[in-house]
Every structure is written in C-alpha cells, then in structure tokens.
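Participant: Listed below are the residues making up each chain.
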Amino acid sequence: MQSKKFLALGMLLLALTLVIAACATPTAAPTQAPPTQAPAAQPTAVPAQPTAVPAQPTQPPAAAAALKLWHGQTGAEADALAEAAKKFEAANPGTTVELLAVPFDQLKNKFTTEASTGGGPDLLVGPKDWIGELAQADLIAPLDDMAADAGLNNLNKAAVDANKFQGKTWAFPESTEAVALWYNTDKVKNLPKDSTELLKLAEEVGLGVNTGFYHSMGIISGYGGKIFDDQQKCILDQGDGTVKALEWLKTAKGTKNVIADADGGKLDAAFKDGNIGMVFNGPWATGDYEKALGEGKVAVAAPIMMVPDGSTFAPFLGTKNFFVSANSKDASKTAAIKFLNFLSQPDTQAIFVKVGHIPSNPNTPLDNPVLKGFLAQTQSATYFPNEPEMGAVWTPGADMITKVLEGQATPQDAAKAACETINQANKK
Amino acid sequence: MATSELTRERAGAKTNKHAQAREARMARTAYLYILPAAIVMALITFWPLLYQLWMSFTNYSNRNLRTDNLLLQMVGAFTGNTAYNSPEMVGLANYANILFGGLAQVLSGFDFWRILTFNLVWTVVNLVFHVAIGVGVAVLLNQEGFKLKRFYRSLYIIPWAMPALVSAMIWRNMFDDQSGAINQLFRALSLQGDTRWLLQVEPPLAWLPPVIQVPAWTDPFFFLFLFLLLFIAPYFLRWVRERWLVFTILWALALEIFFFFLLTPLLNLFAGLTGNPTAGATLTVSLGSLFPLSFFAVLLANIWLGWPFMMAVATGALQSIPKEMYEAAEIDGATGWQAFWNVTVPLIRPAMIPAIIIGMTMTFNQFSVIYFISGGGPLHQTEILVTQAYRLVNEVTINIPGVGNVRPYGYAAAFAYIVFAVLATITLITNRVSRATESAAD
Chain A
1 MQSKKFLALG MLLLALTLVI AACATPTAAP TQAPPTQAPA AQPTAVPAQP TAVPAQPTQP
61 PAAAAALKLW HGQTGAEADA LAEAAKKFEA ANPGTTVELL AVPFDQLKNK FTTEASTGGG
121 PDLLVGPKDW IGELAQADLI APLDDMAADA GLNNLNKAAV DANKFQGKTW AFPESTEAVA
181 LWYNTDKVKN LPKDSTELLK LAEEVGLGVN TGFYHSMGII SGYGGKIFDD QQKCILDQGD
241 GTVKALEWLK TAKGTKNVIA DADGGKLDAA FKDGNIGMVF NGPWATGDYE KALGEGKVAV
301 AAPIMMVPDG STFAPFLGTK NFFVSANSKD ASKTAAIKFL NFLSQPDTQA IFVKVGHIPS
361 NPNTPLDNPV LKGFLAQTQS ATYFPNEPEM GAVWTPGADM ITKVLEGQAT PQDAAKAACE
421 TINQANKK
Chain B
1 MATSELTRER AGAKTNKHAQ AREARMARTA YLYILPAAIV MALITFWPLL YQLWMSFTNY
61 SNRNLRTDNL LLQMVGAFTG NTAYNSPEMV GLANYANILF GGLAQVLSGF DFWRILTFNL
121 VWTVVNLVFH VAIGVGVAVL LNQEGFKLKR FYRSLYIIPW AMPALVSAMI WRNMFDDQSG
181 AINQLFRALS LQGDTRWLLQ VEPPLAWLPP VIQVPAWTDP FFFLFLFLLL FIAPYFLRWV
241 RERWLVFTIL WALALEIFFF FLLTPLLNLF AGLTGNPTAG ATLTVSLGSL FPLSFFAVLL
301 ANIWLGWPFM MAVATGALQS IPKEMYEAAE IDGATGWQAF WNVTVPLIRP AMIPAIIIGM
361 TMTFNQFSVI YFISGGGPLH QTEILVTQAY RLVNEVTINI PGVGNVRPYG YAAAFAYIVF
421 AVLATITLIT NRVSRATESA AD
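Chains as they are written, first to last, in the numbering used here: chain A, 1 to 428; chain B, 1 to 442.
If you are wondering where the hints come from, they were derived from the structure by calculation, not from laboratory data. The structure presented is a predicted model; accordingly, all values stated were derived computationally and were not measured. Glycine included, every Cβ here is placed at the ideal spot set by N, Cα and C. Hints should not be assumed to be uniformly reliable.
Derived coverage of chain A by chain B (criterion: at least 3 residues anywhere in the stretch with Cβ under 8 Å from a Cβ of chain B; other residues may be distant) [as the list claims (entries may be wrong)]:
| hint | stretch |
| --- | --- |
| 1 | 129 to 138 |
| 2 | 175 to 188 |
| 3 | 379 to 391 |
| 4 | 398 to 404 |
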C-alpha cells in the first residue's frame, strides 16, 4: 500500500519536473548560446543561469537587433560560420546573431513551411538551385536595391550574376564552387593535359568518374553541349557535344582501373583508401580528403582539354548562397544586410577559406594550393541555370547517361529522348 | 396476482428505462474520454487529409505556399477569389493524367500500370516469404525442451529493431558489384563474383510467364495487370478452391491463350471500329520483364527485415494453443505436417490475419528499403508508388499552364490518394476473404 503511494508520488514529481522543464526553455533554441552575448544583449546583466527561467532574452534596447540565421552545415563549416557570427557581434555591439543548424535535407522544407506563413529566419544558407523555387514562392527578397549595402559590389561579378533570375539578384554568393580533378600527389607525378592522356594515366593509377548529371556537365560542356537555349528549350540533342561526352563516358567506364559510378560516396571511399589516384569532386571534399590522406598529399589539377575538338572541362559554377527572407523587416533586416556586407570583406572571407570555400571576393588573400586550383577551375565553368525549367532536367539527364553506359541506347537516341521529356515537362 | 404482474411489468419498464438512461450516461462519459484524443486526431490527421484531398483537385504548386489565411485560400479556389493566393480547381485532371498516361510524358520513366503491378507483386512475394519464414521459425522455436529458445528469439528481433535506413545502407553496400560483401564472398568461394546486383538492366528471368501480346499503341502493363487480376479473381469462390489444381492449370492456359493470341486482333478490331488509327506493330511483354536483378536484391533485404515481425506475432499466437490439441492429433495418427496444417494454422489464423494486413500496408509503402538500396532501380525499374510520389514532391518541376515551372504538389496529393485507394481496396478484400475462409473452416 505504502509503496503504491510512494510510486504515485514519485510519478507525480517526475511529471511536474518534465512540465517545468518544458515550459522553461526559451522557444527559439539557438544551437550555440554565445556567452559573449551577455553584456551586450542583456543590460540587466543577469549572469547565465542554468535553469534559464528568468534569463529569457527580453527585448533589448532600441539600437540592438536580433538576426536569425538558418543553415544546414556541419563540422568545420558550421564552426567557421559561428566564428564569423561572433566576430560580427563583437564589431556590432547590440546586435545578436542566432544560428540554427538544421539537417541539410530538411532545411529547405523547414524554411518553406515557416516562411510561407510569415515566420522563419532572416537569413538562409543554401545552394543556388533553390533560387527559382524560393523566388517563385515569394519567400526570398531580391537584393538589387540593397546591392551596395550588402557588399555585392565587392564580389566577383560572375558569382553575383550566377544568382540572377528573371533580371533580379536573389542571393549573396559567399563562395563559389565547381568540381575539378583531385589527385593523390604520391601516385600521380605527371598531370594529364587532355581527356585521352587522362584515361591513359587512369589505367596506371586509377580514376573515379562521377556519372551523375551534375558532375557530367563538365564533360558535356567541354565538348560544346548546352542544356538550354535562350528560351529554355532543351538543346542537348543538337550538335555533337552531348554525344561525344556520352561516348567519352562510355570509354572511361570500359577503361581499366576506372570506377564510373553515380555514387559519390563510393568514389570518395576509393580515393581515400588509395585505390584510385584521381577523382572528380568539388571543394566540399577538401577537409575529408586532407584528413584521410594528409594535407599536401592531395592537390587539384588544372582543367583538362576535352579532345578531340573540345574545349576545357567546364563544370557547373555553383555558389554557396545567403538568402534574405521576404519576411525579414526593420532592424533585423538592416542587421542581416550588414551581416552580408561583413561577409563580403576579405578577412571574413578568409575564415571560410580555411574550411575550403573558394572566396567570391577576388581580393581575399589565397595561398592554399588546393583552393587556388579550384579558383582556376571556376574560371572555366558553365552557368548553372536558375530557371525553374532546370528542375525538369535532372531525372531525364541521369537516365540519359545511365542508358548509354548500360548499352540500352545509342548516345544520339538517349539525348533525343531526354530532350523530348524535358521539353514536354517544360511545355516548350 | 394481476397487480403484482403489473407492478413487475412497470418495474421492468422502469428498470428498462433506467438501464437505457444509464447506458446513455455511460456512452456520454465514454465520448468525453475520447474527446481530447479525437480533437488531436482531427487536427493532425483528418484535417491534413481533407486539405490534401482538396489539393488533389487543384493545380496547387509551390507558388501557392504563401498565404495569409489557409481556409480562405481553400474557399478561394472554388470561388475564384485570388486574394489569398488560391490555386485553380482542375477537377479530376490530376487523377486522369496519372492513370491514363499524361504524367508519363513529363516524368521520365513513369508508367502507372507497370508501377502498380510491380508494387502489388512486390507486396505479395514479400508477404509470402515473411509469413512462411516467420511462422516456420516460430514453430521450430516453440518445440518442447528447446534450450536456446529465448536467445534465438532475441537474436531474431534484431533486424526488426534496427532502423530501416541503417539496414538499407548496409545492404546497399553489400550489393556493390566491386567491393560489396556478397560479391567478395562469391569470389572467396571461387564463384563468379562480379554480379552487378543493383545496376544490371537486363532482367535475369525475362522469359517468366505469363507472356502477353498487345498492339504497340496500348499500354502493355495495363493488360498484364488485368491478366493477374483475372487470374486471381476466381479463387474467392469456394467451388474453385476445392478443385484448385485442375482449375489452375485450365484457367492459366485459357488466359494465356487469350492474352497471347486473341487480345491483339480484338483490340485492333475495337480500335478500327471506333475509328482510331492502328499501327501494325505488337509488343510482347512477360511478367519476368518487370523484375530486374535489383528487384531480387531488394527482395532479399526486405525479407530479412520483415520476417521477425511475423515470427513475433506467430510466437504469441502459438502460446495460446493448448498442448492437448497436439496430443489429440497424435492419437488420431496425424503426422507432423498434418498437425501443422490442421491444428496450428487454423488456431494462429486470428492473430496472423491482422499481422498480414499490417505487413501488407508496410510492405506496399516500403519507401526506405527501395529508395536507399536501389534508388528506384536501374532506369526506374524498381520504383513503387510512394517513391514516385517522393520524386514528384522533391525532384521534379513541371510546367503547369498559367502557373509556370513549379513543383506539382497537386499531382503528388492525387498520387497519395491513389495509393490510399489501392491499399483500402486490398485491405477490404483481405478482410472479406479472411472472414470467408474462417467460416469455411468452422
């Protein structure tokens, strides 16, 4: 009998504790609670208390602003972002930057859901293929009239233009990216200059070719193929650029010691294990590769020529963007624009250079050879369409490559079928 | 006498009324208890379902995400009021495009009847293996004096307890053609160890019957679906089940002859009568062509994942069978096999039927296993309905006239409802069948 009473009492206490804990935590839970925030944002100078019940951030005095930033980065990249945020807060007393890390695959959904009802963050970090969708849904704000304040004039023009859609600029490009040819310095002594030499070298040291559409675009563009014309009609099947690219991919797949797969993880693993000496991948893999093989043991080759009758390997030019939410207003929006300007300064860009970002401010000091290699590749890159018609390209493009590599169709037929589907989906 | 009868009657009437009043009060209390849960369910389950139903009748896209008032947006779609960013009503157009081929033109590799047939066969084959292995192992582990019973039962629960994503990723790595565990094992045993499990496009059993021949201007998989439906339909009749062997042979032969030889001329005749131009070409399609090698790979992984559930349910059901039944069967001279079919199966059936229905729903919509192991297979050959719905929401833009190139959420909503309709039909049929067979056994 008594034990039952004690049990009941115990459960009641537990339930009460849970309720108190749930009610006491602040609603917007920043992943990093910057301890340096205390003197600036809380003039009542309440020291950070563990129960957090009285320390709810009350409305700071008029000059201060709170800036909310959502991102999908992890590890070293997230740390760099936090460092930049801290420096910004130190330089702008009264302004706080609340960072929220969301798993990347949920980030767009989370932002879309919250922003479409009027909420959400002030700034969103994301890749540039989100521009068309978010702009159409009126969830992000164009930056044209705030270009100078946001520091867009400090940046590489190609990077800024990459974020244009329907004549307006929709995002701030913090860095650019493009895939290039990584190589293991222990295994590769003489760099290939063109696609034939590449395959010959591959027979000795191994090569990883990513056959996904995004990565293959470098080869397609290298041979002169284009996805869209000015009216966004698919022209992959016109000319022989796509056909030559698909034939090269087929040759590469049949070459000894070449792993041609759409699974990037598999190619990464093979390169990090030392099974292959070269791989096509982007600057996002810098930290990973350097950790596995050692700094200085990996490098990036200069863009190769696609032969015969092609030009240099020209992959998609991507940008890592900061979007300004359409719901951001008043003090928060001003703070957001100031933050963007801060990000465009060379010393802030240098923080991100350390984690493998290629700076979009051309005046940033850059001595990392890997990043210099990528910077050279970005000079030979293809425009990555922001138009929403691009959304209809991915699956047919991937199928086109698969069909040719599996011998299910000739390159000409595969390209024609892909363009047919793409044009029908886009009603062109 | 009369008075006491009357009194008893009136007392009975009063007791009757009392009983009714009490019942009404108890019912009201019961409803009050359910009310909180009902409100929550109405908000999180029924309201989104209704919203999705509305969405499936409109051309809703990511353009319509931003609105100041959700309810007025819904009303605005009917009245044409554009103040709340309402989409337009398109009636049944979304459903028609999915079912009758419009979507196939804009979504690479989409063929509704092929996917539906594949999905159904995938579900049935999986369930057969799940139940057979699950019940078999449960019976084996239930033997008297089996020492390591508990150890094995706990061991076999592990596949079910692991997150499906983790299992799927590990299986995917195992099926890799160069460095996967399975091919490495084959190579260690000096067998051919370079099977491209997930990448080979040619089906290994392409000749597997039934084989049908249709004119090139029709959808062959629609007729394949029809074949399978017609093949299975008669088994609901007891008359057929009693003569199942003879009937199966004759019926299979009859259907095969009709679908292979007679269907094409019939359809061409029909088309000629209605004035549609016909091409001369015919397509020959076999059931085996639906199943590439990656189907078998994903099947293996899903069987591994799914049978512990059936084993757990069967184990529970087996505990309730009294030992006397088996002793009685032994006395009557039943062999182990006969004891199994005549004692065990009917007695665990009441527990297995709901388990099979749950298993059917889970397998039909088994997104993680298919998406993370084969990704829809080489060239979309192992797609199921839910993976296609996922693509519609996340990977594709379609040009909707008057709106632009947008994510077609209205289509995806219609897709989801079609999946719901298929599953509801199967569940209702299964319910009917299970009751029918139970009454046959009584």
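Participant: Given that the stretch 175 to 188 of chain A was listed as covered by chain B, double-check it with a C-beta distance under 8 Å for 3 or more residues.
Facilitator: As far as the stretch 175 to 188 of chain A goes, the hint is violated, because 0 residues have Cβ atoms under 8 Å from chain B.
Participant: Given that the stretch 379 to 391 of chain A was listed as covered by chain B, double-check it with a C-beta distance under 8 Å for 3 or more residues.
Facilitator: holds (count 5)
Participant: Taking 8 Å as the Cβ threshold, is the statement that the stretch 398 to 404 of chain A is covered by chain B upheld or broken by the three-residue rule?
Facilitator: holds (count 3)
Participant: Okay, the stretch 129 to 138 of chain A and chain B, do three or more residues pass the C-beta test at under 8 Å?
Facilitator: holds (count 5)
Violation of the numbered hints given earlier is confined to hint 2; every other hint is satisfied by the structure.
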